[in-house]
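*Asks:* Line by line, the protein sequences give chains A and B. The first sequence begins at 1 in my numbering and counts up one residue at a time. The second sequence begins at 1 in my numbering and counts up one residue at a time.
To be clear, the hints were calculated from the coordinates, so they are not data collected in a lab. Mixed in with the good hints there might be a few duds.
Unchecked claim - Simulated DEER-style distance windows between Cβ atoms:
id: 1; chain 1: B; residue 1: Asp231; chain 2: A; residue 2: Ile111; range: 49 to 57 Å
id: 2; chain 1: B; residue 1: Thr229; chain 2: A; residue 2: His118; range: 35 to 43 Å
id: 3; chain 1: A; residue 1: Ile111; chain 2: B; residue 2: Gln73; range: 25 to 33 Å
id: 4; chain 1: B; residue 1: Arg122; chain 2: A; residue 2: His118; range: 29 to 37 Å
id: 5; chain 1: B; residue 1: Asp210; chain 2: A; residue 2: Arg18; range: 45 to 53 Å
id: 6; chain 1: B; residue 1: His207; chain 2: A; residue 2: Leu254; range: 25 to 33 Å
Yeah, the Cβ is synthetic: ideal placement off N, Cα and C, and Gly gets one too.
Single-letter residue listing:
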Amino acid sequence: MTPITQNPPAAVPAQSFRPSMLWHALPWALAIGIYFIADGYHGLGTNIMIWILFAVSLDLALGYGGIITLGHAAFFGAGAYCAGIFAIHVNNDPLLGLLVATLFAGLLGFITGMLILHTRGETLLMLTLAIAALLYEAANHARWLTGGDDGLSGIRVAPVLGLFRFDLWGKTAYLYTLSVLFVWFVIAFFVVRSPFGRSLDGIRQNAKRMRAIGTPVWWRLVAMYALSAAMAGTAGALMAQTTRIVGLSSLELLTSGVVAVMLVLGGERRLYGAFIGATIYVIVQDLAGAISPFIWMFVIGFLLIVIVLFFEGGLMGIIDDVVNRLKGRGRKDQRS
Amino acid sequence: MSEADPILKVRGLCKNFGALAVTQQVDLDLARGARIGLIGPNGAGKTTLVNLLTGMLSSDAGTIVVDGQNLEQAKPETRVRHGLVRTHQINTLLMESNARDNVAVAVAERENYAWRMLRFGRQWRACQAEAQHYLEEMGIGHVGDRRVSQMPYGEQRLLEIAIGLSLKPRILLLDEPAAGIPSTEAHVIHDALERLPRDIAILLIEHDMDLVFKFAKEIVVLVMGRVLTRDVPANISANAEVRSVYLGRSAV
Chain A
1 MTPITQNPPA AVPAQSFRPS MLWHALPWAL AIGIYFIADG YHGLGTNIMI
51 WILFAVSLDL ALGYGGIITL GHAAFFGAGA YCAGIFAIHV NNDPLLGLLV
101 ATLFAGLLGF ITGMLILHTR GETLLMLTLA IAALLYEAAN HARWLTGGDD
151 GLSGIRVAPV LGLFRFDLWG KTAYLYTLSV LFVWFVIAFF VVRSPFGRSL
201 DGIRQNAKRM RAIGTPVWWR LVAMYALSAA MAGTAGALMA QTTRIVGLSS
251 LELLTSGVVA VMLVLGGERR LYGAFIGATI YVIVQDLAGA ISPFIWMFVI
301 GFLLIVIVLF FEGGLMGIID DVVNRLKGRG RKDQRS
Chain B
1 MSEADPILKV RGLCKNFGAL AVTQQVDLDL ARGARIGLIG PNGAGKTTLV
51 NLLTGMLSSD AGTIVVDGQN LEQAKPETRV RHGLVRTHQI NTLLMESNAR
101 DNVAVAVAER ENYAWRMLRF GRQWRACQAE AQHYLEEMGI GHVGDRRVSQ
151 MPYGEQRLLE IAIGLSLKPR ILLLDEPAAG IPSTEAHVIH DALERLPRDI
201 AILLIEHDMD LVFKFAKEIV VLVMGRVLTR DVPANISANA EVRSVYLGRS
251 AV
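This is chain B alone, in the form it adopts within the complex (with noise of 0.2 Å):
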């Protein structure tokens, strides 16, 4: 594998309901570091996608590869191994644990310490003390301690990405990290999401139009389940045909 090959690389992807055809023929490169924003009217099976990549969904036909390896029939922790790392769009943290011990969790499991059963010592307290960093890198350092059904809802939202960064992640699907918090809040989910390293591959998904075209450097369009196009945020905003199934719409 050389650098210039993407970190993920999807072929043919398909997956139908049905008669209802959700995703059809995606073709989907990302390369390392990328930073791509994947937008498309509601219903254009963007959710879908992220569950197909991330094998919450099984796909009826296509390739996933990550890093030379098809994942395609992977279970979903063996692709969070291969560092693939998705969020979620409505919160599924664990609200009766702390913010710290939502990380540190995530921590266990990267480093395989999950399943040791009788040294709870020393392990676990290195998985919080990482995980303090993640949070720290979040910018939500202070509310280590806090319950998470306490802590306000935009935080909460940061508490997502840092557990996903704590995964040591290659490519990170965040799938809509501004869902719920006012356009006037969105500044710090953007804050955050350009303090990700540099080195891992994200795709954005995202309703706010201001923060996928000031975050991505392209952007993919999703239309009825197929890839309209894929351009520069320029372009995209300049594009008769996605103006008219999309941007027209809401008037951006």
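Next comes chain A alone, as it looks inside the complex (with noise of 0.2 Å):
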């Protein structure tokens, strides 16, 4: 028994190494072995990175803080404009390219933020539309930077880390995305466990409990926005980078819905969701748009009913049934 004055034992037990860890090395060992033997695919396999990343960005706001968002294309597109134009008229290096796009993203994040988070619901999904339409306005009309509907394009990048140069066959730009990815993936990883990760997901469950426990929801919020806003600028960027064009296209409502489909399709606030998503989205359209348009766009369509009707979890939550079927126990909420 505990006495009732003294300070508590450490009632709960510390977190130690358990062989079910070891199931977080999958994709990073898949997406290793993958860049060894599938030649000519290196591109496609970029381009699903890119859209993970921008996936996991939107977990961050939309998953864990809740913020109802349909505008993040305007990070991806900020930070992708950002790093073209950065390469073209200051300096080509990619990792500063990508520190400066990132920057910018996350500032334009937390000055957005400021404006609209003080907001919920339908009114705050409509001023993430707004400034996301804004913002593709701008682009379209500074023609003498952006390159307007024609795109930015004769983006040059210098060789990574001035030792590894972006081969024709897009090789150093799967290793330089897939590290990338990994990074920001583990600070996602460690920020939705922190105590600001568990507050924020207070927040998206209860704003009104939060403030009764001293929380600065709005602060909060601007923190989460600014940083899913950085991650999806480090996506924007990374596009710039390895395509080597930055179209208006990133800026577009559509790349907004595209990301958003992907991380319902996936699981929301499993991050791994947003993997799982990307890949099937990506590889979908690649493969059925081989054969007609409206075949992938009816394959994704089915799929998203399917999943948004019977399946509460996206995929991942599939996955986590039929682990804790095989485990014989019930499901279990994966945050607890």
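Each of the two chains sits in its own frame; use the hints to bring them together as a complex.
*Replies:* What follows is the structure in structure tokens.
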């Protein structure tokens, strides 16, 4: 028995290594394995990883923070244009460009977040849309800087760390993107499990409760939004650096929609959901799209309806259910 | 500040909703460790008063002084950090999280850990361990791992108090802790309230008269947004004016 007045002993056991933790290595082992066997598909792989990074960034804001947004392309596009313009006019070192684009998108997220995050629900949704639309039109009209609807071309990127040239087959781009994705993923993995991440989970569930325990709700949402925007900016910058072209489509409403579809398809608030969702989306688009554009839209639409109607946690939720059934126990809350 | 000074001193607090004056010139003192009951008929402005004290509503006039510091203009979260804490009449818990994490986020906030983004191991587990301690103090240590949405209502009410307690309040405003609990089970709440640390000043707002009269050392009667009277329970139940506006109707 614990006496009431004493400070408690550590009642919760310390986290120690468990074999199930090895599952975390699986996606990375797969990605590295694919690098060696999938000649000719490195471009596709790079594309998938960029979308994964973008979807994980949306998971931070929408999934964990509960920030309803349909304008996340604003930060993806801002990062892409910033990296492209920086490479053309200032310095074409890829890592420096990545850093500048990330900070720029993060700052944009911070400022717009301060303006809009006191609202919630539909109002917030409209404001995120409006900000993305404003950026789109700004990029469209600033032809001298962005190339307008012709897109921004002529981006040249120096070798990574001065050593690894971006080759024609996209092998360097693949490993470069994988490394950046890994770094951001580790950050996201820690953030959502930190006290900060837990407090955001609380805000998502009940902002009133969090205010009553002394949480500065608005500031905390702004911080998460800025972090998420920075991450989306990195994804955009990777797109600019690896494809060497930035189009207006990077700022489009459709881009915001696509990344939301990927996240819901894979499962929100799981981080790995973004991995599965983005991978399936891009592969279905690539395979079915080769046959007919109608077919891939149909397949994605069909998948989305089935997932949203019948499987609450997306594809990752299905995997969880199967694993738990194999282990012979009921569904458990992943985050508890 | 001497020990004898009240920890909470409210003077001339006013709030109007349009033409309706819901709080009129309310003065209220709470000594350290006080046990005060706040009663009044429906619409007397009890919950409004709690909202004004905690900053969920902004007052039109008056001062709210906690330990010598005027917090009338302060944000809700600032007031919490000065030890002015409330519980809610209607549960506002994190329904998807388990009971322990509901308390742990409050502990993390109190300890200023909640801005730390990249240190999830030891600190969070320390918060959880402390949270478990508060659950045990409220007699619900066994439900730590349960999702709140799967807990019985009575245990949710106790969790609400455990969260308030975990913020180490100096003043705790309990807004109808027994709301929705059958009167036959109200003793569970009463037992929990009796276990609260002696040094916390408590203002109990409650419809269950048995609970108020058993718990409070003094009772404040609020009618139409005004303080009608303040006295020890024995005198309150004998007070003719109180009986006519309030107790008479509910026939206690």
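*Asks:* Which constraints among the numbered hints does this structure fail? Numbers only, ascending.
*Replies:* 6
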